[in-house]
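Residue strings, one per chain:
Number of protein chains: 2
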Amino acid sequence: MASRLYNVTVDCRDPRELARFWSAVLDYKVTYDDGEEVAIETVDEVGPALLFLRAPDSKVVKNRIHFDLAPDDHDAEVERATGLGATRVDIGQHEDEEVTWVVMADPEGNEFCILTPRQD
Amino acid sequence: MASRLYNVTVDCRDPRELARFWSAVLDYKVTYDDGEEVAIETVDEVGPALLFLRAPDSKVVKNRIHFDLAPDDHDAEVERATGLGATRVDIGQHEDEEVTWVVMADPEGNEFCILTPRQD
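Chain order of the listed sequences is A and B.
Residue numbering for the first sequence follows our numbering, beginning at 1420 and increasing consecutively.
Residue numbering for the second sequence follows our numbering, beginning at 1420 and increasing consecutively.
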């Protein structure tokens, strides 16, 4: 392997606050924090870190890169994420029809999806 | 753990072409492909998949979520990524000064960074 996916980096206004939200959602631990950049990783540090990076620009359109989450219990996780500061958002996904996932946004408006539970 | 990071999903015009690029850059394998959605994962399927999803809208601003890559050899990886279809881009990172990474864009313009080599 020649390059490794090291961070998935999220521009944000408040790195600590957004890292707090995502570490609670995913049960990740903080592995770096200098106030401007906060990294969180799985407890065993497998896979890429999520790095929250303070950025001067604001979110203006729907993100083209988003996180899809596989929950243990779909409805319980939607409720738990809401309690942590997420909101349900409408990006035209027609939740009344064929769609099995729920689209939410994190406290800074970054869209993410809670899927149905997955075995793999 | 209550929710797992299952996919990092990238909206795109051409899922197969973008999956081809990223699987070559990261040495990932294709684990799903229905033409509209193409998933790639590490060879041992550890960590989230990257899911390339055909989307009707176009990229209009700098992405707020991007990939940071840790290379074995920085300059060689910049050259290899270029050969695979990446371009160097200027997002105001002042490469002549303190910055140790190179900002590039994939064939659909999604920004990513090639960092210096990492041991962890």
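Honestly, I wouldn't trust all of these hints.
A pair holds if it fits inside one copy or across any two, identical chains being indistinguishable in the list.
Unchecked claim - The calculated lysine to any residue pairs, modelled on SDA-like cross-linking and capped at a C-alpha distance of 20 Å, are:
(1) 1481 to 1494
(2) 1448 to 1421
(3) 1448 to 1539
(4) 1481 to 1527
Note that these hints are calculated values from the structure, not bench results.
Hints, verified against the model:
1. For the identical chains of this complex, residue 1481 and residue 1494 are neighbours neither inside a copy (24 Å) nor across copies (33 Å), given an alpha-carbon limit of 20 Å.
2. Taking the shortest alpha-carbon separations for residue 1448 and residue 1421, only the inter-copy value of 14 Å comes in at or below 20 Å, while the best intra-copy value is 27 Å.
3. When the C-alpha separation of residue 1448 and residue 1539 is checked against a cutoff of 20 Å, the pair qualifies only between copies, where the shortest distance is 16 Å, while the shortest distance within a copy is 23 Å.
4. Proximity of residue 1481 to residue 1527 under the C-alpha cut-off of 20 Å is found in both arrangements, the shortest distances being 12 Å within a copy and 16 Å between copies.
In the structure shown, a violation is registered for the earlier hint numbered 1 alone.
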